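Taken in order, these protein sequences are the chains called R and H. Per the numbering used here, the first sequence runs over residues 1 to 241. Per the numbering used here, the second sequence runs over residues 1 to 319.
Do not take every clue at face value.
Unchecked claim - Here are the in silico distance ranges between beta carbons for each label pair:
1. H/V242 x R/F237: 50 to 58 Å
2. H/T138 x R/G51: 47 to 55 Å
3. R/L229 x H/R194: 43 to 51 Å
4. H/S79 x R/A225: 31 to 39 Å
5. R/E23 x H/A192: 47 to 55 Å
6. R/A225 x H/M140: 39 to 47 Å
7. R/E23 x H/D131: 34 to 42 Å
Everything labelled a hint here was simulated from the structure, so no lab data went into it. Model, not experiment: these values are computed from the prediction. The beta carbon of each residue, even a glycine, is placed where N, CA and C say it ideally should be.
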Amino acid sequence: MISLRRLSIQTRWEFVLNARNSEQALLLVIIPILILFVMTSTSIIGGESTGIEVALATVLTVSTIAAGFTSLAIATAFERRSDTLVFLGTTNLTRMEVVASKSLGSLLLALFAGIFTFIAALFLGWTPSAAAFSIPIWIALGVFSVSGFAYLLAGTVRAEAVLAISNAIFVIVLMFGGVIFTFGSSFTTMLEFLPPLALKTVIGTSISTGGLGANVMQAIAVLIAWGILGHLLASRFFKWR
Amino acid sequence: MTEISPVPRESYLAVATHDLTVKYPDGGGITDISLIFGAGRTAIVGNNGAGKSTLLETIAGLREPSSGNVELFGRTPGSWRAEGIHQVAIALQDGRPYPSARPQAFLEYLRKLYATDQNHDSVRDVNVLLDAFALRTTTMIKNLSGGELQRLKCAAALIADTPILILDEPTAGLDPQGRRDLYALLASVVPAKRTTLISTHILEDLESIGGRVIALAKGSVVFDSDSNPVTSAFHMSFASRVNLQLEPLRNALAEDVTIAERAQGRYQVRSENPIDAALISTVMNFCAQIGAEVSDVHVSERGGVLAQVEGLLLEGGDS
Numbered sequence: 001m002i003s004l005r006r007l008s009i010q011t012r013w014e015f016v017l018n019a020r021n022s023e024q025a026l027l028l029v030i031i032p033i034l035i036l037f038v039m040t041s042t043s044i045i046g047g048e049s050t051g052i053e054v055a056l057a058t059v060l061t062v063s064t065i066a067a068g069f070t071s072l073a074i075a076t077a078f079e080r081r082s083d084t085l086v087f088l089g090t091t092n093l094t095r096m097e098v099v100a101s102k103s104l105g106s107l108l109l110a111l112f113a114g115i116f117t118f119i120a121a122l123f124l125g126w127t128p129s130a131a132a133f134s135i136p137i138w139i140a141l142g143v144f145s146v147s148g149f150a151y152l153l154a155g156t157v158r159a160e161a162v163l164a165i166s167n168a169i170f171v172i173v174l175m176f177g178g179v180i181f182t183f184g185s186s187f188t189t190m191l192e193f194l195p196p197l198a199l200k201t202v203i204g205t206s207i208s209t210g211g212l213g214a215n216v217m218q219a220i221a222v223l224i225a226w227g228i229l230g231h232l233l234a235s236r237f238f239k240w241r
Numbered sequence: 001m002t003e004i005s006p007v008p009r010e011s012y013l014a015v016a017t018h019d020l021t022v023k024y025p026d027g028g029g030i031t032d033i034s035l036i037f038g039a040g041r042t043a044i045v046g047n048n049g050a051g052k053s054t055l056l057e058t059i060a061g062l063r064e065p066s067s068g069n070v071e072l073f074g075r076t077p078g079s080w081r082a083e084g085i086h087q088v089a090i091a092l093q094d095g096r097p098y099p100s101a102r103p104q105a106f107l108e109y110l111r112k113l114y115a116t117d118q119n120h121d122s123v124r125d126v127n128v129l130l131d132a133f134a135l136r137t138t139t140m141i142k143n144l145s146g147g148e149l150q151r152l153k154c155a156a157a158l159i160a161d162t163p164i165l166i167l168d169e170p171t172a173g174l175d176p177q178g179r180r181d182l183y184a185l186l187a188s189v190v191p192a193k194r195t196t197l198i199s200t201h202i203l204e205d206l207e208s209i210g211g212r213v214i215a216l217a218k219g220s221v222v223f224d225s226d227s228n229p230v231t232s233a234f235h236m237s238f239a240s241r242v243n244l245q246l247e248p249l250r251n252a253l254a255e256d257v258t259i260a261e262r263a264q265g266r267y268q269v270r271s272e273n274p275i276d277a278a279l280i281s282t283v284m285n286f287c288a289q290i291g292a293e294v295s296d297v298h299v300s301e302r303g304g305v306l307a308q309v310e311g312l313l314l315e316g317g318d319s
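Sequences are here, hints too, so could you generate the full structure?
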């Protein structure tokens, strides 16, 4: 059973606490906006500077993974270490509400980061298309596809290790996930079956042309499949203390 | 016929455990505990590792029984929780929830959370609790002192007026004065009729807590003041610099007399009967024969529950 009132109180409380954390600001606002400026203004990537639309899709993908995976994993791991999760078990919140509030909180972080990125993109001369208004839905799907793995990591490994591992995975995703750098066609075909590039495909399409072509449908299926897998694994292996 | 118990039947069955067993992979836990808690205060006393936290956390629904069950008003903790009905509030011994939050914001968040619950007639006023528990501080929870943290956990458990209240070692880490102060505070804010379970490993706390006393040793109930006859006991304690072999001395003493090493070099003789000259000379002669120098001899009578529990816990820790 989920009480929407309890869920909203819990989500707000944790969101405000997490948003005050300065590392979060770095991870979710400053790094994505820096990537946006670097990609559009320099020619270090791919010989010439990238168009604003591709840069925007890249940055939104990065901040969604930062919120839905890295920052969620770290926050949950430290809550587990301080026995905050056990404490929540003593309140009137159900387990479903505890988990749902965390996922919602990281979705809110991703959406806030998205708003900052949009504002920066507008300054850089981007004009939004009608299809761009579907982006919040894709950000939510992106958070769902990776948040199960955030719980899996946070619920099985001690907090300091989660800090290191989740940041390492984040950097690997940036470098080799097909998000910032592009690779040859055979490697890219493989990457299309992983959440980062699938998310970039979905977001990129809605920024430029919109529409649900075969490649977008495949990417949506990939995101849903990883999301289900991650949450199933987490519910099987998560340890509350 | 007149009603024997002044407590209404439904509140008498606030908590019932039936052959409750909780096992851990590395040993410990509790074995076959059957208890009923009605209205009023109960102190659960036992040495570290006796199973107090396991028992209390299982009653609160935080641990699953290996066998047996727990009923709160006739239903399992899990079935109440599934419906979002909050029957039991527990202050845990370990942990520092939401380390980056501040006490006032933390309590206000909990008040809002509990106020959503139809089950609660009332929710405590945060300001009253902040004043009563001296928590008007802007320090983050991670920087609170041990005493402040214990008071915050108690206040957090008190915000929801749940029918059942459990405080697991609320005075852990406090000095004797701090312990007395916290128990006095709890007595003033928690109604005496509310079903309240408080655990401690410190015998002296029993007097401050008051009410029923249950002693645990090695995962089992070894004493319950509701069902065990309460007797007085007589003590003689002394110090010896030589380590005493207690087994031969035990053989020389009467059946109802026990002897145990309470602390390094500090021994205690306990008897159901007054300590007489014959008993004292038996002990002294024994020490003299092995050349042990005895000092600091005290003889005292300890009345009631405290002495009884003390004897049981000493036996439990000795074997």
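Here is what the structure says about each hint:
no.: 1; hint: H/V242 x R/F237: 50 to 58 Å; in the structure: holds, 56 Å
no.: 2; hint: H/T138 x R/G51: 47 to 55 Å; in the structure: holds, 49 Å
no.: 3; hint: R/L229 x H/R194: 43 to 51 Å; in the structure: holds, 47 Å
no.: 4; hint: H/S79 x R/A225: 31 to 39 Å; in the structure: holds, 34 Å
no.: 5; hint: R/E23 x H/A192: 47 to 55 Å; in the structure: holds, 48 Å
no.: 6; hint: R/A225 x H/M140: 39 to 47 Å; in the structure: holds, 41 Å
no.: 7; hint: R/E23 x H/D131: 34 to 42 Å; in the structure: holds, 35 Å
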